[in-house]
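Please arrange chain B on chain A, whose structure you already have, making use of the hints.
What follows is each chain in one-letter form.
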Amino acid sequence: MRFSLRRKIMTIACGAAIVPIVVMLVLTSVLETRLADSVATEIRALIKSHISQVTSDLYEQCQSANELLTLETERALMVFNTLFEDGGEIRVLEKESVWTTINSRSDKATLGLPILMIGNYSMTSAKRKNNPLPLLAEAFSISGAYGTIYQRVNIEGDMVVVDSTTVGNEKMAPGVMFYSLDNKGQRNSVIDGVLAGGTVYEHEDGDDGIRYVAFHPLRDGSGLIVGMFAVYMQDDISENLHDSILKTSINKSGFVWVLGTKGVNRGKYIMSRSNNLKAEKASQVTDANKDLIFQIIVKAIRVGEGKLISKEYEWKLAPDEAGRMKLSVYTYFEPWGWVIGSGVYLDEYNGVKARLTGTMAELGKWLGLAGFVLFVITLIVSFYVSGLIANPISHMVGIAKMIASGNIFDAKKSIKMVEKVCPNARKAVRNVHKQENLDETGLLFLSVRDMVDSLSSLIGQVQRSGIQVTTSSTEIAASAHQLGATVGQQAAATNQISATSSEISANSGELAVTMGVVNDSASSMASLAQDGQDGLKTMIRIMEELSDSTSSITDKLSCINDKANSIEGIVSTITKVADRTNLLSLNAAIEAEKAGKFGQGFSVVAGEIRRLADQTSVAALEIENMIGNMRVAVDSGVVEMDSFASDVRHGADKASKLGKKLDGIMRGVRDLNPRIEQVNDGMSAQAQGAEQISDAMVQLSDTATHTSEALGEFNRAATQLNEAVQGLRSEVTRFKVSE
Amino acid sequence: MLVLTFRIAEYSYALKAMLVAEVVPPAIYKELPRSPEYVKGIFNYRGTITPVVDLSMLATDAPCKSMMSTRVIILDLADLDSSEPRGEKFLGLLAENITETISIVDSDFESSGLEIPDAPWLGKVARVDGGMLQLIEPGKLLSDELRMVLFPKEDMVQVDG
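In order, the protein sequence lines correspond to chains A and B.
Under this note's numbering, the first residue of the first sequence carries the number 12, and numbering increases by one thereafter.
Under this note's numbering, the first residue of the second sequence carries the number 447, and numbering increases by one thereafter.
Isolated chain A (complex conformation) (with noise of 0.2 Å):
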């Protein structure tokens, strides 16, 4: 394909508009990637260290609630002691009162125990129903602690609650059972302690871990621990925990958790805040996030309390839906055996990333329109300027290859159409006096129209000045040829005249003497001619005679007319009588048969009358016909003789014409015999003329044998004249200046 100027024009036009977006639209996309990246860095960051110092906030919360709690119980346990010293002695009746206890190992259900006395209240089931020991309920009303009197059983240590100020605490219920030894034989920790003589700390295991129990042992006057009381905080700070706890919240869905790390809360949800809280529970249950849950757990005591952990997780609220994405931060706080942790969706986090995004693809696609637009305008654009610088130079080199293939009459009409199509060629001939205004293609176009218009008129004047030397070359050689023929004929003639007139010379002798006989010949013609005339006399009286004649016979032709006429009549009038015997024949067969019988012969007579009647029509029929055809024969015989007369009359004109005719020819002959006489002198004068005649020209013919040489040499010069011009022609026609 070649490629052509104007196509380069609009390549480098629409380059250089499409070059620089399509960079902008690769920077864009550049930096939307990276931007992209860095934003979800951030964002990540971000949500991270928010996490974290939830976390934290959350842990240092459950320290202070912890070393409050510890405080108070403390101090709670100091009221306690002290209101029992004050409240008298504690002593063991040998009386025994029955307790019904709410045991898990024994079928026994009632137990006989020697009355505990604390000061002046005896310890029975009875007396301490619903009626607690007015020493607790003072220990309670100053401390805000519960307090619960445990009765030791036996020596091994086991104890059974007598008296308790604790509500809806099911192991701490008067007649509640405290074995020493648990289900697997191992001693308790706490009867150990309490038998000791310490007292004993205890976070419960079993409720949500922050009830934190203080034992204490009870001893009688001898020192005999015969008993203990258990001392623990109301669930004041615990609730406060939670709800301080549960109010936090992480951005939309963000929450926190505490699982249990011991007991039977291992593994399990202490708290939770979320929109769903029903569903996060029961997305405990699915396998996989059991496990994740132990990883969380197991990772937490390993690194130690008070250590943040992050982890990016996939979390599933139910085991067939497609899981979340979720980061959570999260530590240990030994005391209780919790992991608190706080955690959010990172996909709430997506729509940021995907507005930032979605801001860098509306600028991308702006980019791309805008560059649409803008290389559709510079098509546009390079299209139109591209034809302007183009389109005359295209223009141009057509003219100048008809130049060149010397077709000048074909490049002037190109001009011309250029000059009606290309405005720039237009305005070249507008401004032509002002060249200082035209641009480049304008002055190219003015240049080549005037060089056109100089070569064509160069060449119209060589082609014209050639056509004329050819014209005249062909001219000079035609006369000369024309000349030569001349004298060629000249010479001819001269030859042909002196042999005519030798000939001339001779003819005049026999001429005389075929004279004399036609004198002789005239004479008896004049006598030839009278007898005709005579015989033409006798034939003109005859013709009148039979002229005559015939108008008598056309007389009589026209009375044999009238004859027929008549007769006509005659039989018309038969005819009628035939018509009306008919008639009455008719009515007459008619009445006779109205007579019946009597009419019979009559009708016979009838029928008789009718055929008469019939056989007259039949032949006056005949004499019509013959009447008709007589009378066509009598015309045509008129018509016959009136064209006979005149032919007859006709000849006796001729007749006569020809009579006079005669007589001017007798009269001819008559004159002709003196002028004979005369020819016959004439010719004998000819004859020595002629013979003068053939000599001179018998000179001329030489002569002319000369000139005619001559004009041969003549002609020879004008041929080659002709042959030279003839060159320049066929050169010049290359050039064609006209159609």
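Note that these hints are calculated values from the structure, not bench results.
Just so you know, these numbers come straight off a predicted model, no measurement behind them.
So, partial list: chain A residues that the calculated Cβ filter (under 8 Å) puts toward chain B:
| no. | residue |
| --- | --- |
| 1 | Leu594 |
| 2 | Leu597 |
| 3 | Ile601 |
| 4 | Glu604 |
Below are the SDA-like pairs computed for lysine to any residue, each with C-alpha atoms no more than 25 Å apart in a straight line:
| no. | chain 1 | residue 1 | chain 2 | residue 2 |
| --- | --- | --- | --- | --- |
| 5 | A | Lys608 | B | Met464 |
| 6 | A | Lys587 | B | Glu546 |
| 7 | B | Lys462 | A | Val615 |
| 8 | A | Lys605 | B | Ser553 |
| 9 | B | Lys511 | A | Asn598 |
| 10 | B | Lys511 | A | Gly639 |
| 11 | B | Lys462 | A | Leu595 |
| 12 | A | Lys605 | B | Met464 |
| 13 | A | Lys587 | B | Glu542 |
| 14 | B | Lys586 | A | Asn598 |
| 15 | A | Lys605 | B | Phe555 |
| 16 | A | Lys605 | B | Lys462 |
| 17 | B | Lys570 | A | Asn598 |
| 18 | A | Lys605 | B | Pro471 |
Using N, Cα and C, we set each Cβ at its ideal position, and we do this for glycine too.
For chain B alone, coordinates are given in the frame of chain A:
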């Protein structure tokens, strides 16, 4: 039986001679304006104004050619309608080629077997030399309509009176 033959177009027809009063040559007719085309006109038959019906026109819608043999058959109305008095009213029938009477035996006539509602007057047919001959029943020729036109009753009442 004697019949009077005539011709309509190219075919021969016949009337019983007993019914014919007379055959007369054609005369000059007084035309009756706005009368049916086949009513040729009226003329003076022996002192009686007699209407003439062109049979050719009635049968073929072409008038009779003017020839010697074209004649008028006069019928006495009494022969057609027995209630009419004899010799007072006549009807003329114009037809071509009325030149012959033929005597034919009654039994030679046969029924044509056709009933043409527009031409109830066509009667029996007989074979004769040179073709067929069909009888014309003049009694049926005079339809009620034509009769009203040609012989109005009022006039007759007046004449009777």
